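A.B. asks: Protein chains in written order, with full-length UniProt numbering: chain A, 1 to 130; chain B, 1 to 400.
Calculated from the structure, these hints are not laboratory results. Because the structure is a prediction, the values reported are computed rather than measured. Ideal placement from N, C-alpha and C gives every residue a C-beta, glycine not left out. Possibly wrong hints are sitting among the right ones.
Covered stretches of chain A (in silico footprint by chain B; criterion: 3 or more residues with CB under 8 Å from a CB of chain B, positions within the stretch not fixed) [to be verified]:
#1 8-20
#2 27-35
#3 62-72
#4 88-101
#5 118-124
Okay, the calculated beta carbon distance ranges per label pair [stated by the list, open to error]:
#6 Arg34/A - Glu241/B: 37 to 47 Å
#7 Thr107/A - Asp20/B: 54 to 64 Å
#8 Thr44/A - Asp3/B: 38 to 48 Å
#9 Gly69/A - Asn204/B: 24 to 34 Å
Calculated Cβ distances over 12 Å to all of chain A for the following chain B residues [unchecked claim]:
#10 Val24
#11 Ser41
#12 Asp44
#13 Pro73
#14 Gly137
#15 Ile146
#16 Thr165
#17 Lys195
#18 Lys234
#19 Ser239
#20 Gln242
#21 Glu289
#22 Asp321
#23 Gly366
#24 Leu386
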Amino acid sequence: MSNQIPFVDYLVLGDHPHLVANECTACGARFFDRRNACAGCSGTEFRKVDVATDGEIMSFTIVTFAAPGVPVPFVSAIVNCQGTSVRGNIIDVEPSPESVTMGQKVTLATYPLGADENGVEAIGFGFRPA
Amino acid sequence: MSDDVWILGIYMTKFGKYPDRDTVDLAAEAVLAALKDGGVSMKDMGVIAAGCLMGPPGIAQQIQKQIGQTGIPAYNVSNACATGATALKTAIMTVKSGEADFGLAVGVEKLAGAGLLGGAGRSTKTGNSWTPQGRFGEVMETEGRIGTSGMPGTFAQIGMEYLHTYGATNFDVFAKISEKNHFHSTLNPLAAYTKAMSLDEIKNDIMIAYPNTRPMCSANCDGAAAAVVVSDAKLKTLSLEQQRRAIKVSASVLTTDPYEEACQVLPNVNTLTRNAAKIAYERAGIGPEDLDLVELHDCFATAELVHYDNLMLCEEGGAVDFFESGATWRTGKTPVNVSGGLESKGHPIAATGIANIWEICHHLRGEAGPRQIEGAKVGLAHVIGLGSACGIHVLERSGL
Chain A
1 MSNQIPFVDY
11 LVLGDHPHLV
21 ANECTACGAR
31 FFDRRNACAG
41 CSGTEFRKVD
51 VATDGEIMSF
61 TIVTFAAPGV
71 PVPFVSAIVN
81 CQGTSVRGNI
91 IDVEPSPESV
101 TMGQKVTLAT
111 YPLGADENGV
121 EAIGFGFRPA
Chain B
1 MSDDVWILGI
11 YMTKFGKYPD
21 RDTVDLAAEA
31 VLAALKDGGV
41 SMKDMGVIAA
51 GCLMGPPGIA
61 QQIQKQIGQT
71 GIPAYNVSNA
81 CATGATALKT
91 AIMTVKSGEA
101 DFGLAVGVEK
111 LAGAGLLGGA
121 GRSTKTGNSW
131 TPQGRFGEVM
141 ETEGRIGTSG
151 MPGTFAQIGM
161 EYLHTYGATN
171 FDVFAKISEK
181 NHFHSTLNPL
191 AAYTKAMSLD
201 EIKNDIMIAY
211 PNTRPMCSAN
221 CDGAAAAVVV
231 SDAKLKTLSL
241 EQQRRAIKVS
251 ASVLTTDPYE
261 EACQVLPNVN
271 TLTRNAAKIA
281 YERAGIGPED
291 LDLVELHDCF
301 ATAELVHYDN
311 LMLCEEGGAV
321 DFFESGATWR
331 TGKTPVNVSG
341 GLESKGHPIA
351 ATGIANIWEI
361 CHHLRGEAGP
371 RQIEGAKVGL
381 AHVIGLGSAC
391 GIHVLERSGL
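The following block holds chain A by itself, in its conformation from the complex (with noise of 0.2 Å):
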């Protein structure tokens, strides 16, 4: 695993990869960028929780026109996984409107986005159809 590293902080990778939240103790508020406090109620105190790999298909687009270096098309979906909403792509599927469907059921999955100069992976996260 040492030659790994996760495109995010948040996700943890290992035999069953997953995201990882920091939610606020006093509300329950799920973030899963670097906090200064909660912007739900200003608490400062959070604590770490795994969040769901499956999860269903809230909203998606499939963007085909982006700025240079973005690869496209891909597909970008709104996931709520069992009450937390993730935003990624959903890999495996053909990014056309037939292939991808409003409250489809999907789940985590990882892939590799390539390797640095040290021989380091680097391994990023998408949904699939379950």
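Based on the hints, put chain B in the right spot on chain A.
C.D. replies: Only chain B this time, still in chain A's reference frame:
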């Protein structure tokens, strides 16, 4: 005497391409013409608030240096697509506070040929090794790898979410909204684009972010708009003609997005708009059913649909049926974006939040020519900038 504030003079430049003129040129045209429209001069102004989102810093002072350095306080405002509305509200608040009798607001932008805004790719690979950076500890650009935070895709998802929430599957509704706005622009000589487009032309154009094709996205262009506001007391000392043409600002509201689950994953443009609308209707003592026309922020066709609901122009969840009834065409019950909207009139960002006020004022004054909404008495102008900020102004004609 009341603490009402009025729009005394207002102007928008033609939106389009101005390769030979800079932002100060365009802003100066708008300001000088707004002052002339109001029958006043820079010497009368007690405050200037100016915005140019993508432009040089200190736009207010740069404008002053071209058209009149009178030593008044200047506010340079920046609030995403709500920049123009924020500048206007700044001038209104200053007049309302009693610090000035007259205030000036101006928004200007040069965006012709700017292409896609925001979301430029970046590499965080430093020294050829992956290095986590930023608040998410990402090792490379997240756009396209963790979904999208670009404007077209974000607003596409917002529209799709609305359909999903209310069980609608009529994806054509978005293209039909765009058809309406492009048709409306044929009557607006100041619009950047004035060509009607058929539903097929719109649907078969270049796809940007499904379901939004290129004509369903706001049009980048150059332009400026400016407004002069005046206190109620001062207005009463001016000529009858100035009083007759003055437009009452019945509500001037600015909101940001309150925290809700998912709002940091997909910006919630709904709640802050609904909150602003509620406050605006209450302050104005006017309901959505009283509106003769609405200019709302159709930065994408998908956005226009959700704002029918957010502005309470229709029943909750009823935006698709509301549109399909024909209500928002210029011949309908609640005409929306008779200017052509951001999709066809164009969207020079900081100018937009004053240009939409100009459109409403034009109709309330009965000066809108071939596209006049007959007998218009009350209108609403709405903008939203991602981040987020929402500005709503409710406007009424003087009745004199």
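A.B. asks: Does each hint hold? Answer for all of them.
C.D. replies: Structure-based check of each hint:
1. Judged by the Cβ-Cβ criterion of 8 Å, the stretch 8-20 of chain A is covered by chain B as claimed, because 3 of its residues qualify and three suffice.
2. Counting residues of the stretch 27-35 of chain A whose beta-carbon sits less than 8 Å from any beta-carbon of chain B gives 6, enough to reach three: the coverage restraint holds.
3. Remark: the stretch 62-72 of chain A is confirmed as covered by chain B, as 11 of its residues place a Cβ nearer than 8 Å to a Cβ of that chain, reaching the required three.
4. Closer than 8 Å: that is the beta-carbon criterion, and the stretch 88-101 of chain A has 3 residues meeting it against chain B, so the requirement of 3 holds.
5. Counting residues of the stretch 118-124 of chain A whose beta carbon lies closer than 8 Å to any beta carbon of chain B gives 4, which reaches the threshold of three, so the coverage claim holds.
6. Range check, Arg34/A to Glu241/B: about 59 Å between beta-carbon atoms, so the 37 to 47 Å window is missed.
7. A beta carbon spacing of about 56 Å between Thr107/A and Asp20/B agrees with the range 54 to 64 Å that was offered as a hint.
8. Hint check: Thr44/A to Asp3/B, Cβ distance near 41 Å, so the stated range 38 to 48 Å holds.
9. About 28 Å separates the C-beta atoms of Gly69/A and Asn204/B, a value consistent with the hinted range of 24 to 34 Å.
10. The non-interface label for Val24/B is consistent with chain A: the shortest C-beta to C-beta separation is roughly 29 Å, beyond 12 Å.
11. Non-interface status of Ser41/B relative to chain A is upheld: no Cβ of that chain comes within 12 Å, the nearest being about 45 Å off.
12. With 12 Å as the threshold on Cβ separation, the claim that Asp44/B sits away from chain A holds: the shortest Cβ distance comes to roughly 43 Å.
13. With a cut of 12 Å on Cβ distances, Pro73/B stays outside the contact zone with chain A, its closest approach being about 32 Å.
14. Distance check for Gly137/B against chain A: the nearest CB is about 3 Å away, which does not clear 12 Å, and the non-interface claim fails.
15. Distance check on Ile146/B: its Cβ comes as close as 6 Å (rounded) to a Cβ of chain A, failing to clear the 12 Å threshold; non-interface status is violated.
16. Some Cβ of chain A comes within 12 Å of the Cβ of Thr165/B; the nearest lies about 8 Å off, and the non-interface call is violated.
17. Distance to chain A confirms Lys195/B as a non-interface residue, since its nearest Cβ pair spans about 21 Å, more than 12 Å.
18. Interface exclusion of Lys234/B from chain A stands, the closest Cβ pair being 42 Å apart, more than 12 Å.
19. Distance check on Ser239/B: its Cβ is at least 51 Å (rounded) from any Cβ of chain A, clearing the 12 Å threshold; non-interface status holds.
20. No beta-carbon of chain A comes within 12 Å of the beta-carbon of Gln242/B; the shortest separation is about 46 Å.
21. Distance check on Glu289/B: its Cβ is at least 30 Å (rounded) from any Cβ of chain A, clearing the 12 Å threshold; non-interface status holds.
22. A cut-off of 12 Å between C-beta atoms confirms that Asp321/B is not in contact with chain A; the least separation is 19 Å.
23. The beta carbon of Gly366/B sits about 42 Å from the closest Cβ of chain A, which is more than 12 Å, so the claim that it is off the interface holds.
24. Every CB of chain A lies more than 12 Å from the CB of Leu386/B, the least distance being 14 Å, so the non-interface label holds.
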